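Join the two chains, each given in its own frame, into one complex according to the hints.
Listed in order, the protein sequences are those of chains A and B.
The letter at position 81 of the first sequence is residue 81 when you use the working numbering, and the numbering goes up by one with no holes.
The letter at position 15 of the second sequence is residue 15 when you use the working numbering, and the numbering goes up by one with no holes.
Think of the hints as simulated: they come from the structure by calculation, not from any bench.
Note that the coordinates shown come from a computational prediction; the quantities given were computed from them, not determined experimentally.
Treat the hints loosely; a few may be bogus.
Taking lysine to aspartate or glutamate and the DMTMM-like style, the derived pairs with C-alpha atoms no more than 20 Å apart in a straight line are [claimed, not checked]:
| # | chain 1 | residue 1 | chain 2 | residue 2 |
| --- | --- | --- | --- | --- |
| 1 | A | Lys208 | B | Asp56 |
| 2 | B | Lys133 | B | Glu83 |
| 3 | A | Lys208 | B | Glu83 |
| 4 | A | Lys159 | A | Glu130 |
| 5 | B | Lys136 | A | Glu203 |
| 6 | B | Lys133 | A | Glu203 |
| 7 | B | Lys69 | B | Glu83 |
| 8 | B | Lys91 | A | Glu203 |
One side of the interface only, derived from the structure: several residues of chain A facing chain B at Cβ under 8 Å [stated by the list, open to error]:
| # | residue |
| --- | --- |
| 9 | Ile19 |
| 10 | Leu27 |
| 11 | Asp149 |
| 12 | Arg150 |
| 13 | Ala152 |
| 14 | Asn207 |
Rough simulated footprint, nothing fancy, chain B against chain A, three-plus residues with beta-carbon under 8 Å [claimed, not checked]:
| # | region |
| --- | --- |
| 15 | 2-10 |
| 16 | 185-196 |
For every residue, glycine included, the Cβ atom is placed at its ideal position computed from N, Cα and C.
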Amino acid sequence: MTPFIRNMLVIARRDFLAIVATPTFLLFLLAPLFMIGMGAVGGVGASQLADSARGKGRIVAIAGPADVEALRAADSRLRDALGRERPPVLEVRLAGADAADPLAIAREKGSDTYAVLSGPLENPRIVEREAGSGAGRYLALLASDVLRDRAAGPVAPAKPAFEAITNGGTSIAAQQSMGFGAVFVIFLMTLLLAGQTVSSLAEEKGNKVIEILAAAVPLESVFLGKLLGMLGVAILFIAFWGLVAIGGGMAFAMQADPATIAAAGKPAAALMVAPASGWPFFIGVGVCYFVMAFLLLGAVFLGVGAQASTVREIQMLSLPITIFQVGMFSLSTAAASAPGTGLAQFAQIFPFSSPFAMAARAATDDAKAVHLLALGWQALWVALIIYLSVRLFRAGVLSGGGGWKFWKRARPATAASTVSESTSAH
Amino acid sequence: MTDLSVEATSLTKYFDAFTAVDHVTLKVPTGSIYGVLGPNGAGKTTSLRMTLGIIDPDEGSSRLLGGHKPQSVRHRIGYLPEERGLYPGMKAREAIAFMGALRGLDWSEGRRRAATFMTELGLERVIDEKIRKMSKGMAQMVQLIGSIVHTPDLIVLDEPFSGLDPVNQERLEMLVRRERERGATILFSTHVMAHAERLCDRLAIIARSQRRFEGTVDEARALLPMQVRYTPRDGGDAVAALLPAGAERKGEAWHFAIEEADVEPLLARITASGHGVAGLSIARPALHDAFVHIVRQVDAGFDATPEADAIEEAAA
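Looking at chain B on its own, in the form it has when it is part of the complex (with noise of 0.2 Å):
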């Protein structure tokens, strides 16, 4: 059995008649960069804030850590959140010593540590800045340093990757993978997919208050067929019969979907065939692809439920 860090089970929470989480589960190994992905109001920060404890779960449970609740092991956990939150007057090493003591982490060690991290993150130069002298994406820094100051056995980070520009993209991705080589395990939210195709061991699409989707990066690209480009030599439109139905010709090349295990198969019969091969390229779809789809499909079906009116009804 996989050691957890995170097992939130079942977790639902009513806004009056919104039901923003509908039982959603997340199961994190220890160890691993676990991504929640969603469309914006999907119900990920509402998910992470009860797995955390920060607000009570109208049902379901959370356990952390080896299935203590989350109240009884808050020293051991980073968290940064959507909504950033700094005291503007203080200033940054402070700032972070703060942070860290919140967790149990004494002052001057929490200092000390403060210069190591900006040091490392090219942040020195404004150790002893106020916040409010800070630019957004510095000030975000800070707070995410703080996250993870008191070296957290669990961290979790909701929707990092916004306002940074993409070198403090960059260094988040570095401070994220060196944290799991560390031990931590991280859990963040996103709708960013590329961040997510590149850290992520595995991952959970949240969509319309529910988890869709539950499994690793390749898993959630294997939900969709292959992207074949195939231009053949001959140019003839007698090489159509070989190829799936619904494969579209444009120009001098052929556009069409296969499964994965059709692949090679198909490549055989081409070769018998004697069209020959001008052209060809076999592309897995991108996580992007799989959100898009997956998000899609359950748009379409929510849409297409008598209840969709009653809900947008009380929305409104």
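So here's chain A without its partners, still in its complex pose (with noise of 0.2 Å):
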């Protein structure tokens, strides 16, 4: 081992320590319990907001005129009988000369459509925004309802071929919201993690220690041993609540009745929806790519941060700081949104957002060469980001200079020279 990762280990064994072993670190760890409250809260005001905009979607059947107001009444009647569990608004459309397109109803902007029936009703065609979906269902039901309505005696039910608006693999759509949950949860962990290192030389600045680890070390080593010190708290921040949620589930598992499992098994089966570079790699790459973000903004924060010479400017450089954030995140999900173009190429090279917007591009690119490039990339940065704080901050603050004026050349004063040598034995 080097003496310089040596001694960079020396200073985030000691910074890792003095956080954790420490009652404060218990309410850090423990903030995401308020998160969780506060996210409950707005969970039910979203819910209802959701139950409020329902009514918004439609699903459509495209019927003859012989069909049209039979399914109209067959759908106020399953209507009423569903209660609450009403689907959305059912929209009749004539079945013109020329065969309307179902999948371009399906994409017309402007309402959410969640399923369109067309052909005749014993051998609908249903397309379906998500395979599966109830709207699906409730459309086969209907035509059902209007055949069972028109027979005599008994009658087979509806023989729906049901297609959902992707076939094959996962859609665009899918793996972009992929990218975008990406960019989303890196986001959030580097927002409640790195920008902690802006005050976390405050520490030895304010006890004066940090001439001792000046004169002892690198300054490099001095604040890479802090950004690690402080990747360490927030791995084993993640660490606890990946496992309390992991926990979490199979206690809810070994608990609940069969049932509820089956159910269960619903969301699971999104997992079947998989990212362009599949789920190791995407799950492996988001990983480096959290642990470059944090790198990158801790280092960018924790070298402004040590610029500042008081609790108060510390505090004042939170705002700038969440902002920057938050410009990194709306440029990355800007670019998330839309891969492949300009601006998803700017943010992917643009160092601050780099490791979000790759991320997300791993989410619709099979691509994984470029994943490397893009972390040795980020690497240079940090290293780059560490050299320059590290330069204004001997020239700067441990020169006793005024802090911010590291600009400032010094000037040579004439007077005290002139005072020649008094007295010399040797």
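Structure representation (structure tokens):
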């Protein structure tokens, strides 16, 4: 192990233990509970909003003139029977001379179309937004009800051919959603954790330990050690909540009845939807990008915070830091929603948005080598930021300069040097 | 040629318009105890910081332990800064081990040595005490131990005695001597002359940002003439003709200064004259006197320069 790395680990160990072995850390660790509580409150509100917005969606039936009224009547009957679990509003369109394209209708802008029925009611074609959706099943039920209403005796139910909007593999929309999810998760974790680095040198400056560190080890290893220490805290935080989530899930599975477990299997089926680069690679590279995002943003905040000379200045820095993070998040989400565009490429290259945007890219693009290149590029920027931060710190703070006035060149005085040496025995 | 552990040449540092250190040169022989003396604000701390490479000089250079750059021999140096600094939440043993680890010492070995040092210095009861619960003096001793726990070849102590009670000052002196016996070179700054007088093999006096003296303690004291107090047996004024110009009578005794070389001829003249000797003391001036003399001389010279006003204005 080189002295530089050894020194860095000594600093990281000290910082890690100094943070973790305090009662305050418990508060920090449990802080997400407050967030979950707030989220639950917000969730109730969002649910109510979603309920009120549900009416804006629709299902569409394309029917011949003979079936239009029958469909409406059946919809009325069934809708009353379903009570609160009503499907979206039914829009019945008259089939024209030109066959209407149900896919085009499903993609029409202006409203959310959950399913479109077309063709004869005995063998309808049902195009769904999501495979196996309730809306599609409702349209099938509607067709069967019309057939049953017309028939004198027993009648076979309609035999629909279901069809999702996308066929074969995961839809681009789903992959983009995954990309957005990756950006959001990395952003949330860095927002919660990387911002802490801004004040991590305040302790050393406050209790004068910085001079001992500066005399004993390269400042670069002090800065990197502090970043690593904070990263260790962040990983501990994430590991704790990850284990809580896994443990909670297992406890739930053991206590729930089989029907509940079967229901829980539905979300698991969502995992069949895969990012373009595959789940293992996507998760692995996502972790790498979280680390790089933490190091990149943390290095900037550490460098800026090191220049601050008072707690008040550090407090004042929290707002621009948060805005900066949100800015990178916005840039990256915009890039995630428009893969392959110039904006996406810019976000992937711009060092501070690069980890977010590249994580999003891993969801929509199966190219893998480019991620190695991106990680190298980001690591280069971490090194560059640390180097510059140390230079500024040495020039401005450690040399007794005026903190932010690092750019001012010292001007030699003339008077002091005019007093000649008075005495020297040697 | 003497083997040098510190060879700092023409170190200069400007803080805006103020010249904090002006072409100061320090050459510390290996295995010696070297003092840097000076009044407050003379530039001692800045000189030491530049010597150790903590801050970069605007001019000049520093080579340590055989011509190495300070950064390349950090692990062989122990440093106690003027502004004491320890993590308040750390226990003494851990703080010492941490400081040793920074210089490459294994943590467990650092803890073991910490216990040994603290026991030797009578601090065993606070080995596992947190720094925040210690007195300032105790914390200072902990930091001092932390700066030598890795058995450095060069130990730099910036105002090590300030803040210590007499007992701990004595312990510190003992520690400094012991480190020198081990083979370490000690460079320390102070403005308390008594410590320098007792400890230093050589010293430099810095005043108004410049080095004004460099040499041994005796050489510093030799800058001033011997102080003589002579009481003739006959009590008359006639003896004045034998004494140097400026001799002053206070009661029965005559007080005057005299160069060392003139002492014996004077004694011969007094003996031959028959005035007799009722009382006689010949004292070499203390380092304190030499220091005050040098600093006042520099201040007088500085105040007389027209540039002094410009500096005052710039500083204001």
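Outcome of the hint check:
1. Lys208(A) / Asp56(B): Holds, at roughly 19 Å.
2. Lys133(B) / Glu83(B): This hinted pair holds, its Cα atoms lying about 19 Å apart.
3. Lys208(A) / Glu83(B): Roughly 6 Å between the alpha carbons, so the hint for Lys208(A) and Glu83(B) holds.
4. Lys159(A) / Glu130(A): holds (19 Å)
5. Lys136(B) / Glu203(A): holds (18 Å)
6. Lys133(B) / Glu203(A): holds (18 Å)
7. Lys69(B) / Glu83(B): violated (24 Å)
8. Lys91(B) / Glu203(A): Roughly 16 Å between the alpha carbons, so the hint for Lys91(B) and Glu203(A) holds.
9. Ile19: violated (10 Å)
10. Leu27: Status violated, d = 16 Å.
11. Asp149: violated (79 Å)
12. Arg150: Violated, because the Cβ-Cβ distance from Arg150(A) to chain B comes to roughly 83 Å (cut-off 8 Å).
13. Ala152: Violated: closest Cβ of chain B sits about 88 Å from Ala152(A), beyond 8 Å.
14. Asn207: holds (5 Å)
15. 2-10: Our answer is that it holds, as 4 residues pass the Cβ test (under 8 Å) against chain B, meeting three.
16. 185-196: Result for this restraint: violated, n = 0.
Hints 7, 9, 10, 11, 12, 13 and 16 from the list above are not met by this structure, while the remaining hints are.
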